[in-house]
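Colleague: Based on the provided sequences and hints, a complete structural model is requested.
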Amino acid sequence: MSEVSFNPFPGLRAFEQDEDFLFFGREKQIDDLLIKLRTQRFIAVVGSSGSGKSSLVKCGLLPSLHGGYMAKAGSRWKVALCRPGDDPIGNLARALAEPGIMHDDPGLESTGASMITATLRRSNLGLVEAVKQSDLKPADNLLIVVDQFEELFRFSKYERTQYSGRRDSISFVELLLNASRQEGVSIYIVLTMRSDFIGECTAFPGLPELINKGQYLVPRMSREEQRDAIAGPIAVGGATVSPRLLTHLLNDVGDNPDQLPILQHALLRTWSYWKQHQGTDAPIDLDHYRAIGTMAEALSQHAEEAYGELKTDKHRKICEMLFKAITEKGQERQGIRRPTKLREICEIANATSEEVVAVIEVFRKEGRSFLMPPADVPLNDESIIDISHESLMRIWQRLIRWVNDETQSAEIYRRLAEAAGLFQEAKSGLWRNPELQFALNWYDETRPN
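Going by full-length UniProt numbering, the residue at position 207 of the sequence shown is 207; the numbering climbs one at a time, nothing skipped.
To be clear, the hints were calculated from the coordinates, so they are not data collected in a lab. Being a predicted model, the structure only gives us computed values, none of them experimental. Do not rely on the hints blindly, as some may be mistaken.
[As the list claims (entries may be wrong)] In silico SDA-like cross-links for lysine to any residue, where the CA-CA straight-line distance does not exceed 20 Å:
| id | residue 1 | residue 2 |
| --- | --- | --- |
| 1 | K365 | N380 |
| 2 | K36 | F21 |
| 3 | K157 | T407 |
| 4 | K365 | L379 |
| 5 | K341 | V357 |
| 6 | K36 | L177 |
| 7 | K213 | L34 |
| 8 | K78 | P138 |
| 9 | K78 | A113 |
| 10 | K28 | Q215 |
| 11 | K324 | E390 |
| 12 | K311 | K341 |
| 13 | K275 | G367 |
| 14 | K329 | D258 |
| 15 | K365 | Q276 |
| 16 | K324 | A296 |
| 17 | K324 | T340 |
| 18 | K324 | E382 |
| 19 | K324 | G367 |
| 20 | K78 | H66 |
| 21 | K317 | R338 |
| 22 | K28 | G67 |
| 23 | K275 | K213 |
Modeller: Here you go:
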């Protein structure tokens, strides 16, 4: 057996661009995306939560483009990766201002972002103008990847900022749509979006039409593709997997694409357990898989293991407030990620950045990938903290309780706000018991901010 050097599984997080040598089983899907991109400069990669949308784009499509597989377009690709978050235009500008994309000088990153933001806000052709003002060469192609596009829909419901009377969410979509239609510049747009949010697109003029033309619905992986996705990385890592474990894993995954990130996490844990307890002479086997709780329990057990490492009540309370801040339920009761700046989490948890970071590090250290950014990325007050995948909200029992509690608190808060508004308009009286006592008890317990 060759020397075992590293754990080849990313866990819950998506595969990154430099991990394409570990990305197996998606070759047909990558080819399909390339074919589509040759005829459509706007593509929406749509699929259920856990179907592998982000990994397919980052670790499948992007390396293929850099490898020159889009022959007519060449291999000169500048790729800007962003997520809408709570500042879609600003996040796009910062992605474009990264060194080596619009400009080569690293010193222009901060000032460049401000200049690009101003250009983007100038008109609905602002993205095209920003490209024309950049250092891009005629042979360069610009690919803008908007990951987790569904974040825009949450932002659009609560956005307060308007420029020249226009909402940022509308302007952001118009920038992308208009750029993809221009023949004089080589701008390509690829977005990833959960399929359960597809109906939200109708609120943005022109978006449904382009999605209808450029939609790529991520297909379910076949059993053979799933086999490759399991055995391929194990072989690259220098190990082997027993036939009975491979069959058992394939049966556990079944036909549900939602299981893929849970499978990746279970494989991450199984590999670690095998290496620690078995050595590297024997194949990874069913006993190692069962020892970590299988796909049914491994994720929840691992998260509880991390929670158990928090030694003080203060850290455990910070942990609860942290996860409540970065998760929520949508209108259809589905779990939604809510990426939040570190400084905002500190305010919510009434804690210092050192205290909050200490908790974050427990959940993102080597061998764990519950929180993003990854462990090798230094954190500061402006760092965006996010859960690595929505499946954590469905599997970790403690987080399920926290999300439900926070959802209930939000509903109570809205009821109180509505009642206060009616009282101010003289359309309702003051609350009396038992409603009043219920509201007071809720306030004492939650201390909303």
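Colleague: State for each hint whether it applies.
Modeller: Here's how the hints hold up against the structure:
{"no.": "1", "hint": "K365 - N380", "result": "holds, 17 Å"}
{"no.": "2", "hint": "K36 - F21", "result": "violated, 23 Å"}
{"no.": "3", "hint": "K157 - T407", "result": "holds, 17 Å"}
{"no.": "4", "hint": "K365 - L379", "result": "holds, 13 Å"}
{"no.": "5", "hint": "K341 - V357", "result": "holds, 12 Å"}
{"no.": "6", "hint": "K36 - L177", "result": "holds, 17 Å"}
{"no.": "7", "hint": "K213 - L34", "result": "holds, 15 Å"}
{"no.": "8", "hint": "K78 - P138", "result": "holds, 12 Å"}
{"no.": "9", "hint": "K78 - A113", "result": "holds, 16 Å"}
{"no.": "10", "hint": "K28 - Q215", "result": "holds, 16 Å"}
{"no.": "11", "hint": "K324 - E390", "result": "holds, 13 Å"}
{"no.": "12", "hint": "K311 - K341", "result": "violated, 24 Å"}
{"no.": "13", "hint": "K275 - G367", "result": "holds, 13 Å"}
{"no.": "14", "hint": "K329 - D258", "result": "holds, 18 Å"}
{"no.": "15", "hint": "K365 - Q276", "result": "holds, 17 Å"}
{"no.": "16", "hint": "K324 - A296", "result": "violated, 24 Å"}
{"no.": "17", "hint": "K324 - T340", "result": "holds, 11 Å"}
{"no.": "18", "hint": "K324 - E382", "result": "holds, 19 Å"}
{"no.": "19", "hint": "K324 - G367", "result": "violated, 23 Å"}
{"no.": "20", "hint": "K78 - H66", "result": "holds, 9 Å"}
{"no.": "21", "hint": "K317 - R338", "result": "holds, 19 Å"}
{"no.": "22", "hint": "K28 - G67", "result": "holds, 16 Å"}
{"no.": "23", "hint": "K275 - K213", "result": "violated, 48 Å"}
Of the hints listed earlier, those the structure fails to meet are numbers 2, 12, 16, 19 and 23, in rising order.
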